[in-house]
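Undergrad: Use these hints to put chain B onto chain A, whose structure you have.
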Amino acid sequence: NAGVTQTPKFQVLKTGQSMTLQCAQDMNHEYMSWYRQDPGMGLRLIHYSVGAGITDQGEVPNGYNVSRSTTEDFPLRLLSAAPSQTSVYFCASSSRASGTGQTQYFGPGTRLLVL
Amino acid sequence: GQQVMQIPQYQHVQEGEDFTTYCNSSTTLSNIQWYKQRPGGHPVFLIQLVKSGEVKKQKRLTFQFGEAKKNSSLHITATQTTDVGTYFCAGQWGAQKLVFGQGTRLTINP
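Chains as they are written, first to last, in my numbering: chain A, 1 to 115; chain B, 116 to 225.
Next up, chain A with everything else stripped away, as it sits in the complex (with noise of 0.2 angstroms):
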């Protein structure tokens, strides 16, 4: 299994460009999660997948677009890139199963700088 996988692994943007970032996973989880990483902020969760077809926003959405049409993938779209975007996004999945909670299985995340 490759695990939870994310293209491209950097990726520089000017102001109000747009482009999607890309995730899989192979294992059939149910879950699907968009984090962002910036320093002394840990990990915010930005948009998340219960399953394919449903979506919903986390703690930082505003800027960012996602969808599920498929199990697997979970792209996120950022509409019209900004500075404050600039940061580390990492694709993570969980299964459902009871009694695991959530524990998130990360992708190797993509940088992104947006000048």
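Keep in mind that the hints were calculated from the coordinates and are not lab data. Check the hints yourself; a few may be wrong.
Have a look at the derived ranges for each label pair, beta carbon to beta carbon [as the list claims (entries may be wrong)]:
no., chain 1, residue 1, chain 2, residue 2, range
1, A, 12, B, 171, 41 to 51 angstroms
2, A, 67, B, 196, 39 to 49 angstroms
3, A, 28, B, 135, 36 to 46 angstroms
4, A, 30, B, 122, 26 to 36 angstroms
5, A, 30, B, 167, 23 to 33 angstroms
6, A, 28, B, 224, 36 to 46 angstroms
7, B, 141, A, 38, 22 to 32 angstroms
8, A, 52, B, 183, 31 to 41 angstroms
9, B, 165, A, 16, 42 to 52 angstroms
From the three backbone atoms N, C-alpha and C, an ideal C-beta is built for every residue, glycine too.
TA: Showing chain B alone in chain A's frame:
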């Protein structure tokens, strides 16, 4: 929203010294998880604590969950250079999403 406060933010130790990081919630947690992130890497799950007063050990790492299920700690005995990284706790309240603490970045002087 719910928050988990984690301290300290940074800790620098000499190799062989002990290290402890603490997490606190103002309300009772359902469970708490701990993750480790190596420099340049991604968070990796270490352990989950569910029961009041629970103590779990992984080699030199000891994890505790408070009696009131509002606080937790991670203690590393006799640190090694391989312990370098950022340690995160993540709390959960019922069926709500995990909320991560700010993390404690551990650096070690060999």
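Undergrad: Regarding residue 28 of chain A and residue 224 of chain B, is the given constraint of 36 to 46 angstroms on their beta-carbon distance met?
TA: Cβ of residue 28 of chain A to Cβ of residue 224 of chain B: about 44 angstroms, so the range 36 to 46 angstroms holds.
Undergrad: Range first: 31 to 41 angstroms. Now tell me if the beta carbons of residue 52 of chain A and residue 183 of chain B are that far apart.
TA: 39 angstroms, holds
Undergrad: Taking 39 to 49 angstroms as the hint, is the beta-carbon distance of residue 67 of chain A and residue 196 of chain B inside that range?
TA: 43 angstroms, holds
Undergrad: The hint says 23 to 33 angstroms between residue 30 of chain A and residue 167 of chain B; measuring C-beta to C-beta, is that right?
TA: 28 angstroms, holds
Undergrad: Between residue 141 of chain B and residue 38 of chain A, does the C-beta distance stay in 22 to 32 angstroms?
TA: 23 angstroms, holds
Undergrad: Taking 41 to 51 angstroms as the hint, is the beta-carbon distance of residue 12 of chain A and residue 171 of chain B inside that range?
TA: 43 angstroms, holds
Undergrad: With respect to the beta-carbon atoms only, verify the hint that residue 165 of chain B and residue 16 of chain A lie 42 to 52 angstroms apart.
TA: Holds, at about 46 angstroms.
Undergrad: Please check whether residue 30 of chain A and residue 122 of chain B have a Cβ separation lying inside 26 to 36 angstroms.
TA: Between residue 30 of chain A and residue 122 of chain B, where Cβ atoms are some 34 angstroms apart, the hint holds.
Undergrad: Has the hinted range 36 to 46 angstroms been met by the Cβ atoms of residue 28 of chain A and residue 135 of chain B?
TA: 37 angstroms, holds
In terms of the numbered hints stated before, the structure departs from none.
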